[in-house]
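Protein chains in written order, with the working numbering: chain A, 1 to 451; chain B, 1 to 371.
Hints listed in this document are in silico derivations from the structure and should not be mistaken for laboratory results. Wrong hints could be hidden among the right ones.
[What the hints assert, rightly or not] Covered stretches of chain B, as calculated for chain A (at least 3 residues, CB under 8 Å):
id, segment
1, 167 to 180
2, 208 to 220
3, 238 to 248
[As the list claims (entries may be wrong)] Taking CB as the label site, the calculated pair distances span:
id, chain 1, residue 1, chain 2, residue 2, range
4, A, VAL46, B, GLY351, 32 to 40 Å
5, A, ASP196, B, ASP217, 53 to 61 Å
6, B, THR348, A, GLY305, 44 to 52 Å
7, A, TYR45, B, ASP319, 50 to 58 Å
[Stated by the list, open to error] Some, not all, of what chain B presents toward chain A, calculated at C-beta under 7 Å:
id, residue
8, ALA24
9, PRO194
10, VAL198
11, PRO200
12, GLY202
13, MET226
14, ALA228
15, ASP232
16, PHE235
17, GLY263
18, GLY351
19, ARG361
20, ARG362
21, ALA367
22, ARG371
Bear in mind that the values here come from a model prediction, so they are computed numbers and not experimental data. Note that CB positions come from ideal geometry on N, CA and C, so glycine has one too.
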Amino acid sequence: MEAMSSWRERLEETTLAPARSTTRNYYFVIGLLVAVIGWALYAYYVQLRDGLVVTGMRDRISWGLYITLFVFFIGISHAGTLISAILRVANATWRTPVTRMAEFITAVALMTGALFVIVDLGRPDRFLNVIAHGRWQSPIVWDVVAVTTYLTASLLYLYLPMIPDLAFFRDRLVGRVARWKSGLYRILAINWQGTDTQKHQLHSSIAIMMILIIPIAVSVHTVVSWIFAMTLREAWNSAIFGFFFVAGAIFSGIATLIIMMALLRRVYRLEEYLTERHFRYLGFLMAAMAGVMLYANISEYVTAGFKFEEGSEFIFRQLFVAEFAPYFWFYLIGGLLIPILLMSIPRMRTISGIVIAAVLVDLAMFVERYFIVVTGLRAPLLPYEPANYAPTWIEWSITAGGFAFFALLVTLFVKIFPIMAVFEMVEEREEQAAERLDFGPRAVVPGEAAT
Amino acid sequence: MVAAARAVGHQRWRSRVALVVFLAAGSASLVVWGATPLLVLLGIATALVLAPLLAARASMSRRSRREWKNWVLADGVRTVDRRAALRLFGVAAIFGSFSQAVPKILNSALRQAPPPATDELPIRARTRQWTMIIDLRRCDGCQSIGLPPQCTTACIEGHFSPEPMQWIEVYEHELEGDGTRFVPTPCQQCQNPPCVNVCPVGATFSAPEGPVLIDQDRCIGCRICMAACPYDRRFFNWGDPPVPPEALLADYDLELQVPAVKGTVMKCDFCPDMVRSGTLPYCIQACPHRAIYYGDLEEDLATNGLDLVSVTRYLANNDAFRLKEELGTQPRVFYIPGHGEDVGRDPTQTGHLPVRWPWTRRAEGSARWKR
Numbered sequence: 001m002e003a004m005s006s007w008r009e010r011l012e013e014t015t016l017a018p019a020r021s022t023t024r025n026y027y028f029v030i031g032l033l034v035a036v037i038g039w040a041l042y043a044y045y046v047q048l049r050d051g052l053v054v055t056g057m058r059d060r061i062s063w064g065l066y067i068t069l070f071v072f073f074i075g076i077s078h079a080g081t082l083i084s085a086i087l088r089v090a091n092a093t094w095r096t097p098v099t100r101m102a103e104f105i106t107a108v109a110l111m112t113g114a115l116f117v118i119v120d121l122g123r124p125d126r127f128l129n130v131i132a133h134g135r136w137q138s139p140i141v142w143d144v145v146a147v148t149t150y151l152t153a154s155l156l157y158l159y160l161p162m163i164p165d166l167a168f169f170r171d172r173l174v175g176r177v178a179r180w181k182s183g184l185y186r187i188l189a190i191n192w193q194g195t196d197t198q199k200h201q202l203h204s205s206i207a208i209m210m211i212l213i214i215p216i217a218v219s220v221h222t223v224v225s226w227i228f229a230m231t232l233r234e235a236w237n238s239a240i241f242g243f244f245f246v247a248g249a250i251f252s253g254i255a256t257l258i259i260m261m262a263l264l265r266r267v268y269r270l271e272e273y274l275t276e277r278h279f280r281y282l283g284f285l286m287a288a289m290a291g292v293m294l295y296a297n298i299s300e301y302v303t304a305g306f307k308f309e310e311g312s313e314f315i316f317r318q319l320f321v322a323e324f325a326p327y328f329w330f331y332l333i334g335g336l337l338i339p340i341l342l343m344s345i346p347r348m349r350t351i352s353g354i355v356i357a358a359v360l361v362d363l364a365m366f367v368e369r370y371f372i373v374v375t376g377l378r379a380p381l382l383p384y385e386p387a388n389y390a391p392t393w394i395e396w397s398i399t400a401g402g403f404a405f406f407a408l409l410v411t412l413f414v415k416i417f418p419i420m421a422v423f424e425m426v427e428e429r430e431e432q433a434a435e436r437l438d439f440g441p442r443a444v445v446p447g448e449a450a451t
Numbered sequence: 001m002v003a004a005a006r007a008v009g010h011q012r013w014r015s016r017v018a019l020v021v022f023l024a025a026g027s028a029s030l031v032v033w034g035a036t037p038l039l040v041l042l043g044i045a046t047a048l049v050l051a052p053l054l055a056a057r058a059s060m061s062r063r064s065r066r067e068w069k070n071w072v073l074a075d076g077v078r079t080v081d082r083r084a085a086l087r088l089f090g091v092a093a094i095f096g097s098f099s100q101a102v103p104k105i106l107n108s109a110l111r112q113a114p115p116p117a118t119d120e121l122p123i124r125a126r127t128r129q130w131t132m133i134i135d136l137r138r139c140d141g142c143q144s145i146g147l148p149p150q151c152t153t154a155c156i157e158g159h160f161s162p163e164p165m166q167w168i169e170v171y172e173h174e175l176e177g178d179g180t181r182f183v184p185t186p187c188q189q190c191q192n193p194p195c196v197n198v199c200p201v202g203a204t205f206s207a208p209e210g211p212v213l214i215d216q217d218r219c220i221g222c223r224i225c226m227a228a229c230p231y232d233r234r235f236f237n238w239g240d241p242p243v244p245p246e247a248l249l250a251d252y253d254l255e256l257q258v259p260a261v262k263g264t265v266m267k268c269d270f271c272p273d274m275v276r277s278g279t280l281p282y283c284i285q286a287c288p289h290r291a292i293y294y295g296d297l298e299e300d301l302a303t304n305g306l307d308l309v310s311v312t313r314y315l316a317n318n319d320a321f322r323l324k325e326e327l328g329t330q331p332r333v334f335y336i337p338g339h340g341e342d343v344g345r346d347p348t349q350t351g352h353l354p355v356r357w358p359w360t361r362r363a364e365g366s367a368r369w370k371r
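Put together the whole structure using the sequences plus the hints.
So this is what it looks like as C-alpha cells:
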C-alpha cells in the first residue's frame with residue numbers, strides 16, 4: 001500500500017509540474033510560435049487585400065495547399081477518437097496515460113483544419129452565408145455540420161474525463177498559481193468532490209460520449225472525402241473514398257500522437273508513464289493501418305488500371321511516372337511499406353525507430369492529401385494543356401502558421417491543463433491492485449517491477 | 001459538516017453538468033441552424049412555455065405558489081428533477097427540429113397574396129426554355145477571316161469579362177482519323193447541373209427559363225462548383241477584377257455580372273437580359289459564319305439571325321450531339337458535328353489566333369492573372 005501511495009504521489013507531482021514552474025525555454029518556444037503565426041497573419045492580410053491571386057491556384061487547379069491542409073488536419077483529429085474511444089470501448093487499459101493527449105490533438109486539429117476552409121474562401125466575409133442560405137444538398141454543408149458536431153462532441157469528450165483532474169488541480173494549486181488559473185480550475189471542476197454519485201454519473205456520461213463519438217468521427221472524414229467524390233472528376237470517382245479517407249485519418253492520427261508523445265515525454269519527463277510499450281502498441285496499430293491503406297490503394301488502382309477506361313491513362317501517368325511520381329512513390333514506399341518494415345523488425349522497435357516511422361507516415365499522409373487534391377483537378381476536362389500548380393510564399397507562410405497554431409495550442413494546453421488522466425490512472429491501478437491482492441500477499445502490483 | 005457540504009455540492013455539480021451539456025449543445029445548434037431563426041424560435045418557445053406556467057400559477061394556492069417560486073426562481077435549475085429536465089430537452093428538441101420549417105411558414109404567411117385572377121389570359125402562357133445549337137460544319141475558329149474567334153471577342157467586349165476568362169471558348173477537338181475541328185464552348189447550361197447541386201449557399205441556381213446563373217453577392221468563393229463542372233466553364237475572380245469606367249457607378253446585376261466581384265465565380269449566362277428584349281447574344285451576333293443558333297425548346301424555334309429553324313427537326317436531321325452526354329448533365333447546348341474543312345480552312349493547320357481583352361485597358365488598377 002505504501003508503494004501505491006508513493007506511486008500516486010509521483011504521478012501527481014509529475015502532472016502538476018508543468019503548471020507549477022515555467023522554464024525559459026517555454027517562453028522561447030511560445031515566442032517562436034507566435035512569431036510564425038504573426039508572419040502567417042501578415043501573409044493572410046496580403047491575401048485578403050489582393051485576393052487569392054497571390055496564391056498559385058487558378059481556374060483549372062482551383063484548390064491547392066489550403067484544402068490539402070484542411071483534409072490533413074481533420075484527419076489528424078481522428079487520433080483522439082481511435083485512442084480514447086475505440087480503445088476505451090475495447091477496454092485496453094494501456095491507453096490510459098495517452099488518452100488526454102490524443103483527445104487534445106483531436107480538438108486542436110479540428111480547430112486548425114476548420115480554419116483552413118475559411119482561409120481558402122474567396123469571400124471569407126460571407127462565410128455565414130453557409131448558415132443563412134445553407135443547402136442540405138451541398139457536400140460543403142455536410143462538412144460544416146459534421147465538423148461542428150465533431151468539434152462539440154470532442155470538446156465534451158475531452159472535458160468530461162478531465163473534470164476530476166481539474167478538481168485535483170483546483171485543490172492542489174490554489175494560491176500557488178495565478179489567480180485566473182485557480183479561478184479557471186474552480187469553474188471548470190464544477191464542484192467535483194469525488195463522491196460515489198459523481199463518479200457514477202461521470203462514468204456513465206463518458207460511456208455515452210465514447211460510443212457517440214465513433215460514428216461522428218467516421219462521418220466527418222467520410223463527408224470530407226465526399227467533397228471530392230461528389231464531383232464528376234475521374235480521379236475522385238470512387239466509392240471507396242470515404243473509407244479510404246477515414247482509414248488515412250486514423251493512420252495519420254496515430255502517427256501524430258506518437259510524435260507528440262515522444263516530445264512531451266522528453267520535455268516533461270514522463271518516461272515512467274509513457275513507456276516503450278505504449279510506443280510499441282501504437283506502432284503496431286499504425287502498421288496495421290498502413291496495411292489497410294495499402295489494401296485500399298491496391299483495390300482502387302487495380303480496378304481502375306485493369307479496365308483502363310478513357311481518361312485513366314492521364315491520371316495513372318501523372319501519378320506513377322510523371323509529375324507526381326516522386327510524391328506518389330514516397331507515399332507508397334516511405335509512408336506505407338517502410339513503417340510496416342520498421343515495425344516488423346524487432347531491433348527497430350525502439351522508441352526512436354517508431355518515432356521515425358511516425359514522422360514518415362505524417363509526411364507521407366500530407367503528401368498523399370496533396371496529390372489527391374491536385375491530380376484530381378489537373379486532369380484536363382476539354383482538349384487543353386494540363387495546368388500546373390505550385391504554392392506561393394503566401395501559401396507556404398499560412399501553412400507554417402497553421403502548424404504553429406496547432407503547436408501553440410498544444411503547448412499552452414499542457415501548461416494549463418493536466419496532461420495525463422491522473423484520476424483514471426489511479427482508479428485503474430487501484431482496481432488492478434485489488435485484483436492482485438485477492439491472490440495472496442505475494443502478488444506484485446503491475447508496473448511496480450519497472451520502478 | 002463536510003457531508004452536508006458534499007451533498008449540496010453534489011446537487012450543484014449535477015446541475016452544472018446539465019448546464020455544460022446544455023450550453024455546448026445549444027452553441028452547436030446555434031452554429032448549425034443559424035442564429036436568426038433560432039432566436040426567433042427561442043422567443044416563441046419561451047412564450048409557449050411561460051404562458052401555461054403563468055396560467056397555472058394564477059390558479060395556485062398560496063403555498064403551492066411559494067413552492068412554484070422556489071422551483072422556478074430561487075433554486076434555479078438546481079432542483080429540477082430528471083423528469084422536468086427530460087421535458088425541457090424534449091420541448092427543445094421538438095422546436096429544434098422545426099426551426100427550419102418555421103421561417104418558411106412565417107415567410108409564406110407574410111408574403112403578399114398573388115394578384116386576383118382575371119378573365120384575361122396571361123401574356124406569356126409558357127416559360128421559355130432557352131437553347132443553343134452550334135453548327136460545327138461552319139466554324140473554322142475564324143481562321144478564314146484572319147481574326148481571333150469573334151464569338152469570344154464579342155462576348156468579352158459585351159460582358160466586360162476579366163482578363164483570362166473566355167466564357168465562350170473555342171477548343172480544338174481531334175477528329176476520328178485525322179485532323180481537328182473547332183468547338184466553341186459556352187457554359188452548357190445543364191438541365192441537371194452539377195455546379196448547382198454542390199453549391200453550399202444556393203448562389204448558383206437554374207433560372208426558370210433554363211440558364212444557370214450566379215449571384216455574386218451571395219457566392220462565398222469556395223470553388224466547389226469549379227471542381228464539379230465537367231466542362232471547365234467556370235471562372236474565378238482571383239484578384240480585383242477590372243471594372244470599366246462606365247460601370248463604376250452601376251448597381252450589381254446578376255443577369256449582367258457587372259460590376260464583377262472579387263473572390264466570386266463567373267461564367268456564361270446565356271445573355272438572359274438580351275434575349276428577353278429580343279436581341280441575340282453577343283457571340284451569335286458576332287459569328288461571321290452564322291454558326292450559332294439561339295432558340296426556345298418550348299416553341300421549337302431557333303435562329304442564327306438569318307435563318308429560322310425548327311429545333312427538333314434541325315437536331316434530328318443533322319445528327320446533333322451534346323458534350324459528355326454520358327455524364328447525364330443534360331446540356332442545353334447542342335452541336336451539329338462537322339469535319340473541320342468545310343469552311344475553307346487549311347485542315348493541316350491547327351490553332352486559332354490568340355484572344356485579347358482590349359476593353360481592360362480602360363479599367364485602371366485592376367489585377368491580371370493567367371488561366
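The hints, checked one at a time:
Coverage of the segment 167 to 180 of chain B by chain A holds in this model, with 4 residues showing a Cβ closer than 8 Å to a Cβ of that chain against a need of three. For the segment 208 to 220 of chain B, the stated coverage by chain A holds: 3 residues have a C-beta nearer than 8 Å to a C-beta of that chain, and at least 3 were required. Proximity of the segment 238 to 248 of chain B to chain A, defined as three or more residues with a beta carbon under 8 Å from a beta carbon of that chain, is established by the 3 residues found. Taking 32 to 40 Å as the suggested C-beta distance range, the pair VAL46 (chain A) and GLY351 (chain B) conforms, at roughly 37 Å.
Against the hinted window of 53 to 61 Å, the Cβ-Cβ separation of ASP196 (chain A) and ASP217 (chain B) comes to about 60 Å, which satisfies the hint. As the Cβ distance of THR348 (chain B) to GLY305 (chain A) is approximately 36 Å, the hint placing it in 44 to 52 Å is violated. Checked against the given bound of 50 to 58 Å, the beta carbons of TYR45 (chain A) and ASP319 (chain B), roughly 56 Å apart, stay inside it. Hint on ALA24 (chain B) holds. Least Cβ distance to chain A is approximately 5 Å, under the 7 Å limit.
For the restraint placing PRO194 (chain B) at the interface with chain A, the shortest Cβ-Cβ distance is roughly 6 Å, inside the 7 Å limit, so the hint holds. Using the Cβ-Cβ criterion of 7 Å, the hint placing VAL198 (chain B) at the interface with chain A is satisfied: the shortest such distance is roughly 5 Å. With 7 Å as the threshold, the beta carbon of PRO200 (chain B) comes within range of chain A, its nearest partner Cβ sitting at about 4 Å, so the hint holds. Interface hint at GLY202 (chain B): satisfied, since its Cβ lies 5 Å from the closest Cβ of chain A, which is below the 7 Å cut-off.
For MET226 (chain B), the interface hint holds, since its Cβ comes within 7 Å of a Cβ in chain A; the closest pair sits about 4 Å apart. A least Cβ separation of about 4 Å between ALA228 (chain B) and chain A falls short of the 7 Å threshold, and the interface hint therefore holds. Because the closest C-beta pair between ASP232 (chain B) and chain A is about 4 Å apart, less than 7 Å, the hint holds. The criterion of a C-beta within 7 Å of any C-beta in chain A is met by PHE235 (chain B), whose closest approach is roughly 5 Å, and the hint holds.
This hint holds: GLY263 (chain B) has a C-beta 3 Å from the nearest C-beta of chain A, less than the 7 Å allowed. Contact between GLY351 (chain B) and chain A, as hinted, is not supported at the beta carbon level, the nearest pair being about 12 Å apart and thus beyond 7 Å. Annotation: interface hint on ARG361 (chain B) violated; nearest CB of chain A at approximately 19 Å, more than 7 Å. Taking 7 Å as the C-beta contact cut-off toward chain A, the hint placing ARG362 (chain B) at the interface is violated, the least distance being around 20 Å.
At its closest, the beta carbon of ALA367 (chain B) sits 5 Å from a beta carbon of chain A; the interface hint therefore holds under the 7 Å criterion. The interface hint given for ARG371 (chain B) is met, as the beta carbon of that residue sits about 6 Å from the closest beta carbon of chain A, less than 7 Å.
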